[in-house]
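S.K.: Here this note's numbering is used: the first residue of the sequence shown is -9, the next is one more, and so on.
Source of the hints: derived by calculation from the structure; they are not laboratory data.
Careful: at least some of the hints might be erroneous.
[As the list claims (entries may be wrong)] Below, a list of computed lysine to aspartate or glutamate pairs in the EDC-like style, where the Cα atoms sit at most 16 angstroms apart: (1) Lys120 with Glu4; (2) Lys120 with Asp41; (3) Lys5 with Asp(-8); (4) Lys120 with Asp25; (5) Lys5 with Glu21.
[As the list claims (entries may be wrong)] Listed next, with one range per pair, are the computed distances between beta-carbon atoms: (6) Arg126 with Arg28: 36 to 44 angstroms; (7) Arg(-2) with Leu36: 33 to 41 angstroms; (8) Ala123 with Asp(-8): 28 to 36 angstroms.
No residue lacks a Cβ here, since even glycine has one placed at the ideal position from N, Cα and C.
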Amino acid sequence: MDRERAGRVLGMFEKRGDVEPLASAGPAAAESCLDRSRDRLAAAELLLGADLWESAFTNAYDAYRMAAESVVLALGYRVPAVAGAHRITIDIAQAALGEQADAFAGAAAERFRTGRHEAEYFDPDRPVEKTEADARWAVDKASVAIAAVEAALS
């Protein structure tokens, strides 16, 4: 894990009030959060088997986001409920993992975040249905993210 690079990104977000140090954060909290991430991934996989694409997608997204939260906790911080909290969390994870993994990088992370937004916040003027391909992509992306975080935290 690139703690120096992550520290620069954390510093920027801390100045804006978008992250805060957390006394209970650290390796144990990170592992607990990663366990929750694994549980969400398992749920997403079950939902795939039941042909529930949208629910599988959103659970996979939660697994992905929680994996990123594990990194933030390992660094001693948390992202409170602020506008853009998910994006901030993913940006910090990407900075920390850097070249080790591209699980949280760029366009794919944005596709995941906006796809989850479309699924969670139904717009009758622009309904978006998740397909099997969408759900399988999401489960794969979450699996890769969890593996990257496991490697970084070990």
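S.K.: Each hint: holds or not?
M.R.: Do the hints match the structure? See the list:
Restraint check for Lys120 and Glu4: the C-alpha separation of about 35 angstroms exceeds 16 angstroms, so the hint is violated. For the proposed pair Lys120 and Asp41, the alpha carbon gap of about 11 angstroms is at most 16 angstroms, so the pair holds. Proximity of Lys5 to Asp(-8) is assessed by CA-CA distance (about 20 angstroms); at most 16 angstroms being required, the pair is judged violated. Under the criterion of a C-alpha separation no larger than 16 angstroms, the hint pairing Lys120 with Asp25 is inconsistent with the structure, at around 26 angstroms.
A hinted pair counts as satisfied when its Cα atoms are at most 16 angstroms apart, and Lys5 with Glu21 does not qualify at roughly 27 angstroms. Take Arg126 and Arg28: their Cβ atoms lie about 18 angstroms apart, and the range 36 to 44 angstroms is violated. Separated by about 39 angstroms at the C-beta atoms, Arg(-2) and Leu36 satisfy the suggested range of 33 to 41 angstroms. The hinted range of 28 to 36 angstroms is satisfied by Ala123 and Asp(-8), whose Cβ atoms lie roughly 33 angstroms apart.
Hints 1, 3, 4, 5 and 6 from the earlier list are contradicted by this structure; the remaining hints agree with it.
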